[in-house]
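*Asks:* Read off the chains here:
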Amino acid sequence: MALFSNIQIDVESLPKSDQLVLVPISHTYFKIIILNCIIAYAVLIGALSIFNIFSEDYIINSLFWFLLGFLVVLFFISLGFGYLSFKKRKYAFREEDITSSQGYLVHKIVTLPYNRIQHIEITRTFIARKLGLSTLKIYSAGESGGDVAIKGLPKAVAENQYAFLTKIINERL
Amino acid sequence: MNGYNFEQPSRQSIKGIIVIFGVTAYKIIKGTIVVIAVFLLKYIRSDKNIDFLSFKTVGISISIILLFLIIAFLKYLNFQFYVKDDHFFLKKGIFNKEEISVASSKIQNVYIKQNLLQQLINVVSLSIETAGDDKTEIEILALPKVKANALKAYLLQSKAHNDRLNTNSLEEAVFYKASVKKLFLEGISENHFKSFVLIFAFIIGIYNDVKAFVEQLDLNAVFGSWFQLDEESLVGLLLFNISIVVALFIISFLFSLVMMFIKNFKLTVKQKEEGLEISKGLFNKINLALSASRIQNTTIYTNKLKQVFGLYKLSFTQAMANKKQQRNFNIVGLNRGQISELLHQFYPKVEGQIIKNRPNIYMLYRLVLMSTVMLVIINVLLFFWSKLFLLINIPLILYLAANAFYTYKKSYYHLDNEYIAIGGGRLIDTTTSFLEIKKTQAVSLNQTLFQKQRGLASVTIYSASKSVTIPHINLADAYRVKDYLLYKVEHENKNWM
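Chains A and B, in that order, are what the protein sequence lines are.
Residue numbering for the first sequence follows this note's numbering, starting at 1 and increasing by one per position.
Residue numbering for the second sequence follows this note's numbering, starting at 1 and increasing by one per position.
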């Protein structure tokens, strides 16, 4: 297999990331996805309704129920995709790196080695705080988006991992 | 050394007042150009005759200029810098005092630049780039060139104590100087479509602003007779459109050529111990230091025409350089031998070793599919507009087919002990990018639903400036590439900078 030239190590013997067991994020995060979806569509439907009430235009008035139905269908489709992509939100910590995966249409599995971490942070939105969830963000020096953000971690897990990573960074220096 | 004592607080050159004034005026004019244009337009439209020499207008203008001169003078007075205890200090601000200090070890780079105004009064600006955030902007607007060079050497010298002995003994060898002929050939072999799009967008952009103005000029009366627009004959319309396109193409061609000269005038590359030094520019003279440790990606560009002339462009991306600066890290007009030499300096042993691993044929299918979608959309639009234009399909289909084929054919990746090389390009352009494995920041494996059905994936490798992507390879290979890169980064534990 001429995949790599000048090879010194047996690629087959390397730790395999396709056999890595990724841990799903908290179930509660799906509530946030539903809530975000509801808020987004409520705003759209609300705007449409207000526009309909104040508009004298015949075309808009006759199209209103059609548009409303369309938005409702779109809402359920979004929810469906929300569920599918929620199922893809996973993460894993290994000895040397951290992996997070997300996305249904485009599934992206990012791995960031610990020795490339620049800094870490925990953020919590209002809803996440109410549900006891946190987002763990791990930044590399990459300007181009090679960062890891694990949303929907239980607060305790996020804080444990934060402490764990901080320890690793401090030992490195 | 050089007779300058940088430990004592010093101001910039007295000429700095002019530069500060110029920069402020430029910023204000740039910000209010629309307002000024509107007023001017109103003035032209109205029949009022404002006396420009009246006491009131002259008085207002002079007092505004005076105000800015005073501000510039105060800015100059309150701007002081010095170096002490391995720290660079800068005090500035008239009412809001600001004091900035930078540790020498945090200084990443020192740039010396010269814009048109600075060239006229013979001063240079010196800016200091620090590690980390790009918000802190340290720029001394006006220094005599000798003093700027001395300060630059002083700052960089105290940064690296070990290099102190080397800096003086090292002879700066000029590696390459771009001749006028080279620049001319580079200019005419540029991708003129790019300039075309740029000019087109510019015209569309300002069209609305100047619409009223153009209407005043009554272009129709002048040009209408040439093309018999009144008759609205199809031939006349066609001729009118074609001549506009041709004129735009000629302008684009000249634009690329002129831009090439403005950007790369007197392009000189010097080889140094730790990297390269590039200086270039006609109106804005810039001087960039390129250090090997900070280089992230290196890309070789060429196209069909440039290949005939034997011209190649080498462009670098650097970690921790701001976006505006990033675009200047390139050298045009190199020949094959010079490319090899420079590559050898930064990526020893990579040339001639490259094994081209091809992407899956799915990439070609995907390109064909996307071209077809584009073709259908264009055709639907044309169908409703004018059936005559459907003829455009003949060159368009040929172009899209050839483009898809060559995009696929030119795509490859190579991986060895130290480097990643990615080949790419389209019908006309060809690019080759290099990245050292140790500069990898993160690796991601991406899979679309369509790729999943075929058992394919793409791998994106993030560096500290730009990412590179290996497109459409077998999932198993993608996993192995990712595992290999992670293994190298984690176990060799080399510094990325």
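Hints were generated in silico from the structure; no laboratory data involved.
Note that the coordinates shown come from a computational prediction; the quantities given were computed from them, not determined experimentally.
Even glycine gets a Cβ: it sits at the ideal position worked out from N, Cα and C.
Careful: at least some of the hints might be erroneous.
Unchecked claim - Some residues of chain B that are not near chain A, with every Cβ distance over 12 Å (derived):
no. : residue
1   : Glu98
2   : Ile100
3   : Tyr365
4   : Leu388
5   : Tyr406
6   : Leu475
As the list claims (entries may be wrong) - Here are the simulated EDC-like cross-link-like pairs (lysine to aspartate or glutamate), alpha carbons at most 16 Å apart as the crow flies:
no. : chain 1 : residue 1 : chain 2 : residue 2
7   : A       : Lys16     : B       : Glu490
8   : B       : Lys488    : A       : Asp10
9   : B       : Lys488    : A       : Asp147
10  : B       : Lys106    : B       : Asp85
11  : A       : Lys16     : B       : Asp477
12  : B       : Lys466    : A       : Asp147
13  : B       : Lys494    : A       : Glu56
14  : B       : Lys452    : A       : Asp18
15  : B       : Lys488    : A       : Glu95
16  : B       : Lys488    : A       : Glu96
*Asks:* For each hint, tell me whether it holds in the structure or not.
*Replies:* Hints versus structure:
1. The Cβ of Glu98/B lies farther than 12 Å from every Cβ of chain A, with a closest approach of about 26 Å, so its non-interface assignment holds.
2. Annotated as non-interface, Ile100/B keeps its C-beta farther than 12 Å from every C-beta of chain A; the closest such distance is 23 Å.
3. The claim that Tyr365/B is not at the interface with chain A holds, since no C-beta of that chain comes within 12 Å of its own (minimum 18 Å).
4. Non-interface status of Leu388/B relative to chain A is upheld: no Cβ of that chain comes within 12 Å, the nearest being about 34 Å off.
5. No Cβ of chain A comes within 12 Å of the Cβ of Tyr406/B; the nearest lies about 24 Å off, and the non-interface call holds.
6. Against the 12 Å criterion, Leu475/B falls within the reach of chain A, whose nearest CB is about 8 Å from its own CB.
7. Proposed proximity of Lys16/A and Glu490/B is supported: the alpha carbons are some 14 Å apart, at most 16 Å.
8. Of the pairs offered as hints, the one joining Lys488/B and Asp10/A holds, with about 12 Å between alpha carbons and a cut-off of 16 Å not exceeded.
9. With a CA separation close to 19 Å, the supplied pair Lys488/B and Asp147/A exceeds the 16 Å bound.
10. For the hint linking Lys106/B to Asp85/B, the alpha-carbon distance of about 14 Å falls within 16 Å, and the restraint holds.
11. Distance restraint check for Lys16/A and Asp477/B: the Cα-Cα separation of roughly 12 Å lies within the 16 Å cut-off, and the hinted pair is therefore satisfied.
12. For the hint linking Lys466/B to Asp147/A, the alpha-carbon distance of about 13 Å falls within 16 Å, and the restraint holds.
13. The hinted pair formed by Lys494/B and Glu56/A fails the criterion: a straight-line CA distance of about 69 Å is larger than 16 Å.
14. Restraint check: the Cα-Cα separation between Lys452/B and Asp18/A comes to about 14 Å, which is no more than 16 Å; the hinted pair holds.
15. At most 16 Å may separate the alpha-carbon atoms for a hinted pair to count; Lys488/B and Glu95/A meet this at roughly 14 Å.
16. Our distance criterion of 16 Å between C-alpha atoms is met by Lys488/B and Glu96/A, whose separation comes to about 11 Å.
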